[in-house]
Amino acid sequence: MKQYEFLLFDADGTLLNFDLCEEKALRDTLAHYQMDGSDETVHAYHKFNADLWERFNHGEIDRAFLLIDRFRQLIAYLGRQDDPAAVNRFYMEQLSCHADLLEESWEICNILKEKYKMYIITNGASFTQHGRFAVCPLTPLFEKIFISEDMGVQKPHKDYFDAVAADIEGFDPEKALVIGDSLSSDILGANNAGIDCVWYNPAALPIKEGVHCEYEVRRLRQLLEILGEE
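Note that the sequence shown covers residues 0 to 229 in numbering that gives the first Met the number 0.
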């Protein structure tokens with residue numbers, strides 16, 4: 000069994016329940032601006048946002064465009080005239096307050112902290128991620144949090160992982176493991192950097208052509224088996 004020393008965890012969708020955090024922040028925003036808060040509106044936002052993040056991960060758009068355009072599309076969908084930049088600012092303020100954990104993340108991270116050097120690698124926006132990790136109970140368990148906006152480069156680009164490696168004393172890619180839920184940022188990024196990876200895939204989605212993973216898990220607890228801790 001291969002021995003690992005450095006564990007690079009994605010945050011949202013892997014350790015943090017971003018869907019719940021996003022839902023809370025979005026509904027607060029819709030209520031504040033007296034917008035339609037129906038499930039149809041929420042679903043529309045999710046589609047706009049997901050499509051833009053996919054384009055961002057492929058380097059087609061920058062973060063500033065993404066953050067504003069998702070609300071521009073939502074406002075147009077609702078037939079309103081609100082300022083999308085103002086709506087986004089309010090939403091980001093709400094989001095920065097939420098750091099709900101996914102099931103098992105607290106338990107598993109506490110177990111692994113005893114033996115491994117653990118780091119967060121996230122493409123989240125700087126303002127919101129700093130706010131969320133300030134209130135996140137997992138934060139003390141990690142050596143450092145690498146936020147792409149602070150670094151000027153994002154997953155899945157190799158430069159992002161090179162910057163992470165350069166900032167970790169004694170880092171050895173042969174002893175590192177990336178754990179994440181996104182094929183287009185976490186897993187492809189690990190592939191680009193030549194680092195082994197675990198695809199956290201609770202929905203049992205099919206893997207996409209052009210990416211590969213050494214391991215695939217449905218539950219975070221399965222990390223213990225991969226690492227020989229169970």
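None of these hints come from the bench; they were simulated from the model.
Beta carbons: idealized from backbone N, C-alpha and C, even for Gly.
A couple of the hints might just be wrong.
Said to hold, decoys possible - Distance windows between CB atoms, simulated:
(1) 38 / 171: 40 to 50 Å
(2) 33 / 157: 38 to 48 Å
(3) 173 / 38: 27 to 37 Å
(4) 78 / 38: 44 to 54 Å
(5) 113 / 171: 29 to 39 Å
(6) 158 / 77: 37 to 47 Å
Unchecked claim - 35 Å max Cα-Cα, derived DSBU-like pairs, lysine-lysine:
(7) 1 / 23
(8) 112 / 157
(9) 143 / 116
Problem set entry | Whether the CB-CB distance between residue 33 and residue 157 falls inside 38 to 48 Å | Since the Cβ atoms of residue 33 and residue 157 sit about 45 Å apart, the hinted range of 38 to 48 Å holds.
For this session: Take a look at whether the Cβ-Cβ distance between residue 78 and residue 38 falls inside 44 to 54 Å.
Result: Given a distance of about 18 Å, which is not inside 44 to 54 Å, the answer is violated.
Exercise. Is it true that the CA of residue 112 sits at most 35 Å from the CA of residue 157?
Worked result: holds (26 Å)
Problem set entry | 35 Å limit on alpha-carbon distance, applied to hinted pair residue 1 and residue 23 | violated (41 Å)
Exercise. Is the gap between the beta carbons of residue 158 and residue 77 within 37 to 47 Å?
Worked result: holds (38 Å)
For this session: For the range 29 to 39 Å, tell me whether the beta carbons of residue 113 and residue 171 fit it or not.
Result: violated (20 Å)
Exercise. Measuring from beta carbon to beta carbon, are residue 173 and residue 38 in 27 to 37 Å?
Worked result: Between residue 173 and residue 38, where Cβ atoms are some 47 Å apart, the hint is violated.
Exercise. If you draw a straight line from the CA of residue 143 to the CA of residue 116, is it 35 Å or shorter?
Worked result: holds (10 Å)
For this session: Take a look at whether the Cβ-Cβ distance between residue 38 and residue 171 falls inside 40 to 50 Å.
Result: holds (47 Å)
Figure legend: structure checked against the earlier numbered hints; hints not met, in rising order: 3, 4, 5 and 7.
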